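**Q** Using the sequences and the hints, build the whole thing.
Take the sequence shown: its position 110, counted from the start at 1, is 110 in my numbering, and no numbers get skipped.
Worth flagging that the hints you see were computed from the coordinates, not collected in a lab. The structure presented is a predicted model; accordingly, all values stated were derived computationally and were not measured. Do not rely on the hints blindly, as some may be mistaken.
[What the hints assert, rightly or not] Label-pair distances were calculated between CB atoms; the ranges are:
1. SER343 / GLY264: 29 to 35 angstroms
2. GLU348 / GLY48: 44 to 50 angstroms
3. ASN88 / GLY276: 31 to 37 angstroms
4. LYS188 / ILE374: 41 to 47 angstroms
5. LYS95 / GLU372: 20 to 26 angstroms
6. LEU148 / GLY244: 22 to 28 angstroms
7. ILE214 / LYS95: 50 to 56 angstroms
8. ARG179 / ALA96: 49 to 55 angstroms
9. PRO293 / ALA175: 47 to 53 angstroms
10. LYS243 / GLY216: 30 to 36 angstroms
[Unchecked claim] Simulated pairs of lysine-lysine, DSSO-like, Cα-Cα distance not exceeding 27 angstroms:
11. LYS290 / LYS71
12. LYS71 / LYS308
13. LYS215 / LYS190
14. LYS49 / LYS62
15. LYS133 / LYS45
16. LYS290 / LYS262
17. LYS243 / LYS215
18. LYS222 / LYS62
19. LYS133 / LYS290
20. LYS268 / LYS174
21. LYS46 / LYS116
22. LYS49 / LYS133
23. LYS188 / LYS268
24. LYS290 / LYS268
25. LYS39 / LYS215
26. LYS62 / LYS330
27. LYS62 / LYS290
28. LYS190 / LYS243
29. LYS308 / LYS268
30. LYS243 / LYS290
31. LYS243 / LYS262
32. LYS45 / LYS190
33. LYS62 / LYS362
34. LYS290 / LYS330
35. LYS262 / LYS222
36. LYS62 / LYS95
37. LYS290 / LYS45
C-beta atoms are modelled at their ideal positions from N, C-alpha and C, and glycine is treated no differently.
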Amino acid sequence: MKDEGGRMSRSLVVIASLFLIQSVHAAEQKSAWPSDFDKIVAAAKKEGKVVVAIPPSADLRKQLEATFREKFGIDVELVPAPGPANANRIASEQKAGVQYFDALICGTGTAIPLVKEGMLEPIEPNLILSEVKDPKNWWGGHIWEDNLSTRRFLYSFIAEVGTGGLWHNPTLAKAEELRSLNDFLSPKWKGKIGLSDPRVPGSGQSLWSFLWEIKGEDYLRKLVQQDLFVSRDLRQIGDALAKGKIAISIGVGHSQYEPFLKSGLPVKQLPTPVEGLPASNGFGIVGIVKNPPHPNTVKVFVNWLLSKEGQEFYGKVMKSSTRRLDVDTKWLLEYGTQAAKDSLTLEEYNRVRNHLEDKYTKVRAPAGKFAEQILK
1 MKDEGGRMSR SLVVIASLFL IQSVHAAEQK SAWPSDFDKI VAAAKKEGKV
51 VVAIPPSADL RKQLEATFRE KFGIDVELVP APGPANANRI ASEQKAGVQY
101 FDALICGTGT AIPLVKEGML EPIEPNLILS EVKDPKNWWG GHIWEDNLST
151 RRFLYSFIAE VGTGGLWHNP TLAKAEELRS LNDFLSPKWK GKIGLSDPRV
201 PGSGQSLWSF LWEIKGEDYL RKLVQQDLFV SRDLRQIGDA LAKGKIAISI
251 GVGHSQYEPF LKSGLPVKQL PTPVEGLPAS NGFGIVGIVK NPPHPNTVKV
301 FVNWLLSKEG QEFYGKVMKS STRRLDVDTK WLLEYGTQAA KDSLTLEEYN
351 RVRNHLEDKY TKVRAPAGKF AEQILK
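**A** Printed below as a string of structure tokens:
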């Protein structure tokens with residue numbers, strides 16, 4: 001009995017110690033929040049939820065819903081869809097006076113037009129946590145997607161080198177056959193190339209505009225003569241590649257191919273061609289929709305997303321490289337993703353990037369118009 005009592009006492013001590021450690025950790029975490037953020041969290045719980053448009057990733061939707069709810073006791077309703085689809089819905093609802101969405105996570109081509117149409121709120125006043133507001137925590141300091149604006153509606157939190165978007169079916173096309181962008185013009189690939197439609201914002205337009213800038217319009221005319229399989233449905237392109245209906249895809253990223261990779265289907269990312277690839281922020285822009293229906297909850301969401309914890313989470317799910325300096329990104333090399341902060345100077349990054357408003361205006365927009373002219 002004495003021994004049993006001793007074991008019970010020791011067990012109680014262990015339990016009490018663990019409880020104390022957890023309490024201290026929670027207290028430390030909470031103490032890092034300013035008091036006004038605590039008040040915002042309390043108000044957010046009364047609002048009950050936040051509605052966010054996100055990239056078309058089933059994993060992100062599933063994991064983000066559970067993580068945010070566990071963290072704050074608040075529901076997050078996520079709408080996964082290609083950027084143009086979410087942007088069109090947000091714009092049409094705004095014009096109709098409907099307030100449904102609170103925020104969106106997207107890419108450059110989706111975000112900039114919404115700014116120009118006055119559909120978003122300035123994001124800078126909504127940044128509250130000191131770890132988010134401090135530019136020293138971010139490689140390159142604060143980078144605003146709308147860099148020609150003074151009001152700052154969009155925060156760019158991802159920076160990647162040689163962004164993916166070129167994939168192949170290794171049973172049909174060998175990587176060594178596609179070392180240069182000129183190799184895509186070989187007669188061998190006629191009718192065998194899928195392209196994410198560059199006439200709408202998205203990863204297809206991103207790579208198309210890169211080709212427009214470095215290879216010229218004559219190259220793109222020749223590429224179109226390859227009888228491209230052009231679609232706005234990225235899943236459709238991925239499915240075609242996995243089933244061998246096409247051998248190469250342009251403008252479809254890792255998150256869309258994730259289900260095929262998990263199923264062991266023959267899809268593989270191509271090595272960076274000799275001409276290089278643009279540095280990009282992928283699905284790495286966050287903005288707040290104008291007059292959000294859940295104003296407190298969206299502040300909680302955006303500050304958490306841009307915190308160290310939020311960036312670690314997003315990077316792991318999306319295989320994306322955050323600009324936060326306190327988050328490890330070297331492991332992403334395994335997935336063909338290279339963080340700009342691990343390999344480039346800021347000057348080098350600005351030279352090769354294909355995003356931010358200045359690049360959108362000078363390259364992305366005219367390249368998109370050229371696509372409208374030659375793609376029927």
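**Q** All hints, please: hold or fail.
**A** Hint by hint, here is what the structure shows:
1. SER343 / GLY264: 29 to 35 angstroms: holds (31 angstroms)
2. GLU348 / GLY48: 44 to 50 angstroms: Hint holds: Cβ distance 45 angstroms, inside 44 to 50 angstroms.
3. ASN88 / GLY276: 31 to 37 angstroms: holds (32 angstroms)
4. LYS188 / ILE374: 41 to 47 angstroms: Since LYS188 and ILE374 have Cβ atoms about 22 angstroms apart, the given range 41 to 47 angstroms is violated.
5. LYS95 / GLU372: 20 to 26 angstroms: At roughly 23 angstroms between Cβ atoms, GLU372 and LYS95 fall inside 20 to 26 angstroms, so the hint holds.
6. LEU148 / GLY244: 22 to 28 angstroms: Violated, at about 45 angstroms.
7. ILE214 / LYS95: 50 to 56 angstroms: Cβ of ILE214 to Cβ of LYS95: about 37 angstroms, so the range 50 to 56 angstroms is violated.
8. ARG179 / ALA96: 49 to 55 angstroms: Since the Cβ atoms of ARG179 and ALA96 sit about 50 angstroms apart, the hinted range of 49 to 55 angstroms holds.
9. PRO293 / ALA175: 47 to 53 angstroms: holds (48 angstroms)
10. LYS243 / GLY216: 30 to 36 angstroms: Taking Cβ atoms as reference, LYS243 and GLY216 lie about 33 angstroms apart, which means the hint holds.
11. LYS290 / LYS71: holds (26 angstroms)
12. LYS71 / LYS308: holds (14 angstroms)
13. LYS215 / LYS190: Distance of about 19 angstroms is within 27 angstroms: holds.
14. LYS49 / LYS62: Satisfied, since the Cα-Cα distance of roughly 16 angstroms is no more than 27 angstroms.
15. LYS133 / LYS45: holds (23 angstroms)
16. LYS290 / LYS262: violated (38 angstroms)
17. LYS243 / LYS215: violated (30 angstroms)
18. LYS222 / LYS62: violated (41 angstroms)
19. LYS133 / LYS290: With Cα atoms ~21 angstroms apart, LYS133 and LYS290 stay inside 27 angstroms; holds.
20. LYS268 / LYS174: Roughly 10 angstroms between the alpha carbons, so the hint for LYS268 and LYS174 holds.
21. LYS46 / LYS116: With Cα atoms ~33 angstroms apart, LYS46 and LYS116 exceed 27 angstroms; violated.
22. LYS49 / LYS133: Given that 27 angstroms is the threshold and the Cα spacing comes to 24 angstroms, the pair holds.
23. LYS188 / LYS268: holds (19 angstroms)
24. LYS290 / LYS268: violated (40 angstroms)
25. LYS39 / LYS215: violated (53 angstroms)
26. LYS62 / LYS330: Holds, because 25 angstroms separates the two Cα atoms, which is no more than 27 angstroms.
27. LYS62 / LYS290: holds (26 angstroms)
28. LYS190 / LYS243: holds (17 angstroms)
29. LYS308 / LYS268: violated (31 angstroms)
30. LYS243 / LYS290: violated (42 angstroms)
31. LYS243 / LYS262: Distance ~15 angstroms between LYS243 and LYS262 Cα, so the pair holds.
32. LYS45 / LYS190: violated (56 angstroms)
33. LYS62 / LYS362: violated (37 angstroms)
34. LYS290 / LYS330: Between LYS290 and LYS330 the Cα gap is close to 36 angstroms, so the pair fails against 27 angstroms, i.e. violated.
35. LYS262 / LYS222: Status violated; Cα separation ~35 angstroms.
36. LYS62 / LYS95: Roughly 30 angstroms separates the two Cα atoms, so the pair is violated.
37. LYS290 / LYS45: With a Cα-Cα distance of about 21 angstroms, the restraint between LYS290 and LYS45 holds, given a limit of 27 angstroms.
Hint compliance for this structure: hints 4, 6, 7, 16, 17, 18, 21, 24, 25, 29, 30, 32, 33, 34, 35, 36 are not met, and every other hint is.
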